[in-house]
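Protein chains: 2
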Amino acid sequence: MSETTLTTTAQALSPMTGRRVIDPDTYFDHNKAPSNLQWAHTSISEFLQKQPSDQRVVLITSGGTTVPLENNTVRFVDNFSAGTRGSCSAEQFLALGYAVIFVYREKSLQPFNRHYSESKSGLLSYLEVSSSDGQVRVKSEWQDRIKRDLIMFQNYMAGNKLLMVNFTTLSDYLFLLREVSLLLAPLGPRAMFYLAAAVSDFFIPSYSMAEHKIQSGDGDLTLRMNQVPKFLSPLVKKWAPECFVVSFKLETDPDLLGPKARHALGKYGHQVVIANMLDTRKWQVWLFTREEQAPHVIQISQEQLAAGVDIEQDLSIELARRHQAYVTRHSK
Amino acid sequence: MSETTLTTTAQALSPMTGRRVIDPDTYFDHNKAPSNLQWAHTSISEFLQKQPSDQRVVLITSGGTTVPLENNTVRFVDNFSAGTRGSCSAEQFLALGYAVIFVYREKSLQPFNRHYSESKSGLLSYLEVSSSDGQVRVKSEWQDRIKRDLIMFQNYMAGNKLLMVNFTTLSDYLFLLREVSLLLAPLGPRAMFYLAAAVSDFFIPSYSMAEHKIQSGDGDLTLRMNQVPKFLSPLVKKWAPECFVVSFKLETDPDLLGPKARHALGKYGHQVVIANMLDTRKWQVWLFTREEQAPHVIQISQEQLAAGVDIEQDLSIELARRHQAYVTRHSK
Numbered sequence: 018m019s020e021t022t023l024t025t026t027a028q029a030l031s032p033m034t035g036r037r038v039i040d041p042d043t044y045f046d047h048n049k050a051p052s053n054l055q056w057a058h059t060s061i062s063e064f065l066q067k068q069p070s071d072q073r074v075v076l077i078t079s080g081g082t083t084v085p086l087e088n089n090t091v092r093f094v095d096n097f098s099a100g101t102r103g104s105c106s107a108e109q110f111l112a113l114g115y116a117v118i119f120v121y122r123e124k125s126l127q128p129f130n131r132h133y134s135e136s137k138s139g140l141l142s143y144l145e146v147s148s149s150d151g152q153v154r155v156k157s158e159w160q161d162r163i164k165r166d167l168i169m170f171q172n173y174m175a176g177n178k179l180l181m182v183n184f185t186t187l188s189d190y191l192f193l194l195r196e197v198s199l200l201l202a203p204l205g206p207r208a209m210f211y212l213a214a215a216v217s218d219f220f221i222p223s224y225s226m227a228e229h230k231i232q233s234g235d236g237d238l239t240l241r242m243n244q245v246p247k248f249l250s251p252l253v254k255k256w257a258p259e260c261f262v263v264s265f266k267l268e269t270d271p272d273l274l275g276p277k278a279r280h281a282l283g284k285y286g287h288q289v290v291i292a293n294m295l296d297t298r299k300w301q302v303w304l305f306t307r308e309e310q311a312p313h314v315i316q317i318s319q320e321q322l323a324a325g326v327d328i329e330q331d332l333s334i335e336l337a338r339r340h341q342a343y344v345t346r347h348s349k
Numbered sequence: 018m019s020e021t022t023l024t025t026t027a028q029a030l031s032p033m034t035g036r037r038v039i040d041p042d043t044y045f046d047h048n049k050a051p052s053n054l055q056w057a058h059t060s061i062s063e064f065l066q067k068q069p070s071d072q073r074v075v076l077i078t079s080g081g082t083t084v085p086l087e088n089n090t091v092r093f094v095d096n097f098s099a100g101t102r103g104s105c106s107a108e109q110f111l112a113l114g115y116a117v118i119f120v121y122r123e124k125s126l127q128p129f130n131r132h133y134s135e136s137k138s139g140l141l142s143y144l145e146v147s148s149s150d151g152q153v154r155v156k157s158e159w160q161d162r163i164k165r166d167l168i169m170f171q172n173y174m175a176g177n178k179l180l181m182v183n184f185t186t187l188s189d190y191l192f193l194l195r196e197v198s199l200l201l202a203p204l205g206p207r208a209m210f211y212l213a214a215a216v217s218d219f220f221i222p223s224y225s226m227a228e229h230k231i232q233s234g235d236g237d238l239t240l241r242m243n244q245v246p247k248f249l250s251p252l253v254k255k256w257a258p259e260c261f262v263v264s265f266k267l268e269t270d271p272d273l274l275g276p277k278a279r280h281a282l283g284k285y286g287h288q289v290v291i292a293n294m295l296d297t298r299k300w301q302v303w304l305f306t307r308e309e310q311a312p313h314v315i316q317i318s319q320e321q322l323a324a325g326v327d328i329e330q331d332l333s334i335e336l337a338r339r340h341q342a343y344v345t346r347h348s349k
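Residue numbers (my numbering), protein chains in the order written: chain A, 18 to 349; chain B, 18 to 349.
It should be emphasised that the hints constitute simulated quantities derived from the structure, not laboratory data.
Some hints here could point you the wrong way.
Copies of the same chain look alike in the list, so a pair counts if it fits in one copy or across any two.
[To be verified] In silico DSBU-like links for lysine-lysine, alpha-carbon gap of 35 Å or less:
hint, residue 1, residue 2
1, K124, K137
2, K137, K254
3, K67, K49
4, K254, K164
5, K299, K124
6, K284, K164
7, K156, K178
8, K255, K164
9, K277, K164
10, K277, K247
Remember, it's a predicted structure, so these values are computed and weren't measured experimentally.
Chain A extracted, bound-state conformation (with noise of 0.2 Å):
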């Protein structure tokens, strides 16, 4: 029985001479940019200098990235990650007078859209020929909430509050990070990092990938995927050192969950960290600093998420005051 072995060890680190996990430098040189890199540059520089000098900007990654395990790409590894925390967390940052940039997975939800992604029967769902007039129109069932929603997107679109830039995978998501993040280092403590997004861990080096499709046989498959390196490092060391970066956490295993937060704020020297269990991320969080020696807990209770409310608020009015308090602190 043959045994598909995807890679090695030693042939993913060849170029590496040896080393487990690479430099983010080596990630860059080893991998292709994406094609709306370009597009992304322009459209931020502009977005940015359309901004008042003392607005508060805030950069939030949502959705997650995936993995190419072929270079003609048919299968990936993916990591889940509809969207919800980073498009809601997005909605709560303009309402509270952040400018948003939103890099968000394609297809995940994105701000004021997300109401109405989750239908069986998608657009067509919401619409009706009216009997008057024969246009097509939304149900009045939805009107009120849809020129609601459409209405605030339209406006914070209009006066450049809201800038949307997509990524698929990992690679993309990285080469848009170090690009965003060198944009508004010049901000300074103004620029908040809100990395929301759900990272892959591993990756296998497109030189050492599969160049077709992997053939089944009839045998196993082994897939040896190197680990990602941490960019959160480069990240405030080197790209924004001056800017206020939050970091997520998200595990199943809750005993995991504050070391593995106090780790990464000692190891990153980051402003904050949330940490969250996939079960529960959607009515409790947990806030770590460093110079805190408990968390911060927010949460909502059963009805209130029931009744629609999005712990999202509470939790980015927390940022905003110490956001807020950071700005002062490092302005003086």
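Got chain A; can you put chain B on it based on the hints?
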């Protein structure tokens, strides 16, 4: 340096007494049915009861399946498939008078809705607030097209000619495939199977899966995946032996296309394999049968492609013609 090994071949196969590729029946014993299985059973039964006695029925499967890497799923392997082939084919078979059971990956393209799923800003980008009556309606440039699709969609649904059933994981898909097959079997030659979904070839059995999110630690990740049993075999031989079955082969290496299509026909004994290449699948497919030496080529020109012609139109007409001949042959 540590290396995380998710599962060993020995562990993964322990309940199968040493066989590398498990029985389809064993698969169902060891995996959990999807939550919509009972609903699907009832809905499909009722749908079929409402059809005239000579109604042609086609099962169309569409979109890719996911394979979870953890029991508390954060990561999964996915197969590339937007669902274009399946959703477009559903429209074509409806136009040809078929009743369509559309089994699709959640969030993949759906018939009629598929034209309005690629917009970067979602539902809201198709809408405007009318300046005359303040109602939210479809923008004038989209009125005609959306109206046509909306009316067709509503008519097919109201007329019991289209039923939609959704899945996400490989396991969901396989349970639903068996269920629909057993329900379609009594129709004999009148039922067509059009298996366009991109189904994973490899999986990690639930009982040998990591319980929690895999930790990245400081090393590589090795994933050992078992081969998925070939479900076309029980489908053709046991579940629905008299039906007309069309399977698909998607490849990226052109040299494998013919040999793999012929191998599948020989192995499973079904009626048609549609072979296609990842790069050219939108304008060229090859139709293989056991009876014919050379494949029947279906293709459209680049001009047709650019003008919005779907190759699925010619493909469905050709298959309906062959299905008609099959029905006639088996009714004597």
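Now for the hints, and whether the structure bears them out:
For the identical chains of this complex, K124 and K137 are neighbours both inside a copy (15 Å) and across copies (8 Å), given an alpha-carbon limit of 35 Å. Taking the shortest Cα distances, K137 and K254 sit within 35 Å of each other only across copies (33 Å), while inside one copy they are farther apart (45 Å). Taking the shortest alpha-carbon separations for K67 and K49, only the intra-copy value of 30 Å comes in at or below 35 Å, while the best inter-copy value is 54 Å. Neither within a single protomer nor between protomers do K254 and K164 lie at most 35 Å apart by alpha-carbon distance, with minima of 44 Å and 54 Å respectively.
In this homomeric assembly, K299 and K124 come within 35 Å of each other (Cα to Cα) both inside a single copy, at 21 Å, and across copies, at 21 Å. In this assembly of identical chains, K284 and K164 lie within 35 Å of each other by CA distance neither inside one copy nor across copies; the values are 46 Å within and 56 Å between. Both within a single protomer and between protomers do K156 and K178 lie at most 35 Å apart by alpha-carbon distance, with minima of 29 Å and 24 Å respectively. In this assembly of identical chains, K255 and K164 lie within 35 Å of each other by CA distance neither inside one copy nor across copies; the values are 44 Å within and 53 Å between.
Taking CA atoms no more than 35 Å apart as the test, K277 paired with K164 passes in neither setting, with 43 Å inside one copy and 53 Å between copies. Proximity of K277 to K247 under the C-alpha cut-off of 35 Å is restricted to the intra-copy arrangement: shortest distance 14 Å within a copy versus 42 Å between copies.
The structure is inconsistent with the numbered hints 4, 6, 8 and 9, although it conforms to all the rest.
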